[in-house]
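Q: Residue strings, one per chain:
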Amino acid sequence: MSKLFYDDYIDLAPIEKKIKEHVKSKESQEEIYKLIDEILHHRVVGCILDRLPSGDHDQFVQHLSDRPHDTGIMRFLGDRIAEDVVEFIRYEVHKLSGEILEIIHETSAPKTLPKKLKK
Amino acid sequence: MNPAAQTDSSIVEDLRNKLKLKSLVTKKDFDDKFADFNKSLKDRNVSLTGLRDHSAKLLTAGALASTLLLSPPLDSTKLVPRSPSDILASINDKNGLPSVSPATKLREAMKEILPETIRPLNDQEESYLEKVITEITGIPTKATLEGEHLNTTYGKIGAEQHLIRYPGDTAAAHTPEEGEYGSDRPDDILKEGITPGLGAWGYFASSRDELSEDLVETEKWYSVAQTLYLPDWNTRQPYLKNWYKYRKLLIINTDNGKAVVTALADSGPAAFTGKQFGGSPEVMDYLGGERYKKGPVLVFFVDDPDNEIPLGPVEYNEGAYSLNLSNLIE
Chain A
69 MSKLFYDDYI DLAPIEKKIK EHVKSKESQE EIYKLIDEIL HHRVVGCILD
119 RLPSGDHDQF VQHLSDRPHD TGIMRFLGDR IAEDVVEFIR YEVHKLSGEI
169 LEIIHETSAP KTLPKKLKK
Chain B
147 MNPAAQTDSS IVEDLRNKLK LKSLVTKKDF DDKFADFNKS LKDRNVSLTG
197 LRDHSAKLLT AGALASTLLL SPPLDSTKLV PRSPSDILAS INDKNGLPSV
247 SPATKLREAM KEILPETIRP LNDQEESYLE KVITEITGIP TKATLEGEHL
297 NTTYGKIGAE QHLIRYPGDT AAAHTPEEGE YGSDRPDDIL KEGITPGLGA
347 WGYFASSRDE LSEDLVETEK WYSVAQTLYL PDWNTRQPYL KNWYKYRKLL
397 IINTDNGKAV VTALADSGPA AFTGKQFGGS PEVMDYLGGE RYKKGPVLVF
447 FVDDPDNEIP LGPVEYNEGA YSLNLSNLIE
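Residue numbers (the working numbering), protein chains in the order written: chain A, 69 to 187; chain B, 147 to 476.
Think of the hints as simulated: they come from the structure by calculation, not from any bench.
Among the clues, some could well be false.
[As the list claims (entries may be wrong)] With a Cα cut of at most 20 Å, we get these calculated EDC-like pairs of lysine to aspartate or glutamate:
id : chain 1 : residue 1 : chain 2 : residue 2
1  : A       : LYS86     : A       : GLU174
2  : B       : LYS179    : A       : ASP118
3  : A       : LYS94     : B       : ASP378
4  : B       : LYS288    : B       : ASP450
5  : B       : LYS387    : A       : GLU98
[Stated by the list, open to error] From the derived model, a few chain A residues whose C-beta atoms are all more than 10 Å from chain B:
id : residue
6  : ALA81
7  : ARG119
8  : ILE149
9  : ALA150
10 : GLU151
11 : ASP152
12 : VAL154
13 : GLU155
14 : ILE157
15 : TYR159
16 : HIS162
17 : LYS163
18 : GLY166
[Unchecked claim] Derived list of chain A stretches under chain B, where covered just means 3 residues or more per stretch with a C-beta under 8 Å from a C-beta of chain B:
id : region
19 : 82–94
20 : 97–103
21 : 111–117
22 : 134–140
23 : 167–174
Note that CB positions come from ideal geometry on N, CA and C, so glycine has one too.
Whenever a hint applies, use it, and build me the whole structure from the sequences.
A: Okay, structure coming up:
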């Protein structure tokens with residue numbers, strides 16, 4: 069099983085679709101999924117730590133190491149953060165989605181020479 | 147550089163390198179900003195990079211019991227359920243036999259056993275569901291078969307495209323023939339198109355001529371599960387890849403009780419899609435209709451050692467139904 073406490077609030081399906089368009093090998097697709105997943109974990113946990121009072125960080129570490137799948141962590145965070153936790157996680161994921169789509173676009177767009185080098 | 151010279155492999159290499167760089171920068175920023183947090187995690191032998199693997203290991207080891215500590219009381223009461231026969235008997239009492247349909251029974255039993263929110267199920271929940279599903283649908287199901295267990299048995303399914311069956315296969319070649327499922331509305335079956343690349347097990351056949359009827363059915367009723375996230379996927383090869391190839395899975399839409407026997411023919415979806423399973427255009431159409439793109443499902447192995455159970459819809463809701471409670475193993 070591979071569930072994380074915030075999985076219900078992310079949906080980067082358009083990124084998966086774009087990757088499948090450009091990356092045909094299953095092994096390469098899976099490698100890229102894992103890279104994106106790593107970036108996602110850091111960005112989501114980072115945006116939580118930005119808002120969670122430092123006195124609660126130890127307890128958050130404990131929950132994350134003992135039961136990272138548990139959606140109860142969202143309630144733990146909701147009780148300690150004034151902002152809407154789902155809302156700011158979704159916003160962070162949305163921002164990240166834009167950044168990754170831009171990388172995919174840059175990578176897959178046909179590359180042309182600068183005008184001055186063209187004959 | 148001639149645009150045509152930019153090959154697929156160079157695009158993949160470029161994309162991989164850019165994402166690796168972004169990953170490094172993101173991790174460095176995080177480490178600089180939250181050094182104490184990172185150290186605390188490290189002291190517990192956990193890293194954010196390996197968070198999904200860590201979760202998979204904990205859940206595989208049965209750490210689900212600890213979920214109770216953070217779950218709402220409403221959810222936890224469901225973890226002390228009545229026996230499967232009691233659940234089904236109460237549904238009969240409430241609705242009055244014999245008028246209640248098998249589909250209603252299955253829906254109500256699932257409502258009683260399943261948690262409020264989608265999450266991996268514990269052994270007891272899976273065991274109860276195996277009994278209820280087998281009893282009502284007649285399909286022998288197992289959450290764990292021959293020691294193997296999917297990464298979850300309760301999750302969200304998403305719509306997939308047709309898979310390429312042989313070199314040169316096209317979306318149009320998947321048009322249902324007269325009398326086949328969806329032949330009365332082929333556009334609905336074809337609208338998702340065909341995948342740009344191959345499924346996890348490659349071509350189904352080396353040519354159109356080699357594509358048997360069985361393989362046509364396999365692609366038509368194919369499913370997708372996250373084998374790539376199984377904790378032992380990389381260490382138990384090629385056994386696991388062979389074991390999972392075209393493995394029969396029963397998928398049940400928990401909203402309407404519709405059930406279909408599928409063959410696992412691709413790995414995915416990516417964890418960051420919020421989905422855990424995928425279904426072919428035919429599978430999704432049967433489970434939820436032409437507009438069905440995503441929804442909650444149960445996915446169990448079909449225990450069919452002699453390969454007697456056909457792929458496709460399970461029409462268990464036909465005709466009068468008499469529940470045989472004595473078949474339930476307590």
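Q: If a hint holds in the structure, say so; if it does not, say that too.
A: Do the hints match the structure? See the list:
1. LYS86(A) - GLU174(A): 12 Å, holds
2. LYS179(B) - ASP118(A): Cα-Cα ~9 Å, so holds.
3. LYS94(A) - ASP378(B): 18 Å, holds
4. LYS288(B) - ASP450(B): 10 Å, holds
5. LYS387(B) - GLU98(A): 15 Å, holds
6. ALA81: 4 Å, violated
7. ARG119: With a cut-off of 10 Å, ARG119(A) remains clear of chain B, as the shortest Cβ separation is near 12 Å.
8. ILE149: With a cut-off of 10 Å, ILE149(A) remains clear of chain B, as the shortest Cβ separation is near 15 Å.
9. ALA150: ALA150(A) clear of chain B: closest Cβ-Cβ about 20 Å, beyond 10 Å.
10. GLU151: 18 Å, holds
11. ASP152: 18 Å, holds
12. VAL154: VAL154(A) clear of chain B: closest Cβ-Cβ about 13 Å, beyond 10 Å.
13. GLU155: 16 Å, holds
14. ILE157: 12 Å, holds
15. TYR159: At about 16 Å from chain B, TYR159(A) clears the 10 Å cut-off, so the statement holds.
16. HIS162: 12 Å, holds
17. LYS163: 12 Å, holds
18. GLY166: Consistent with the label, GLY166(A) stays out of reach of chain B, its closest Cβ about 13 Å off (over 10 Å).
19. 82–94: holds (count 10)
20. 97–103: The restraint on the region 97–103 of chain A holds, since 6 of its residues have a Cβ under 8 Å from chain B and three suffice.
21. 111–117: The restraint on the region 111–117 of chain A holds, since 4 of its residues have a Cβ under 8 Å from chain B and three suffice.
22. 134–140: holds (count 7)
23. 167–174: Our answer is that it holds, as 5 residues pass the Cβ test (under 8 Å) against chain B, meeting three.
The structure is inconsistent with hint 6 alone, although it conforms to all the rest.
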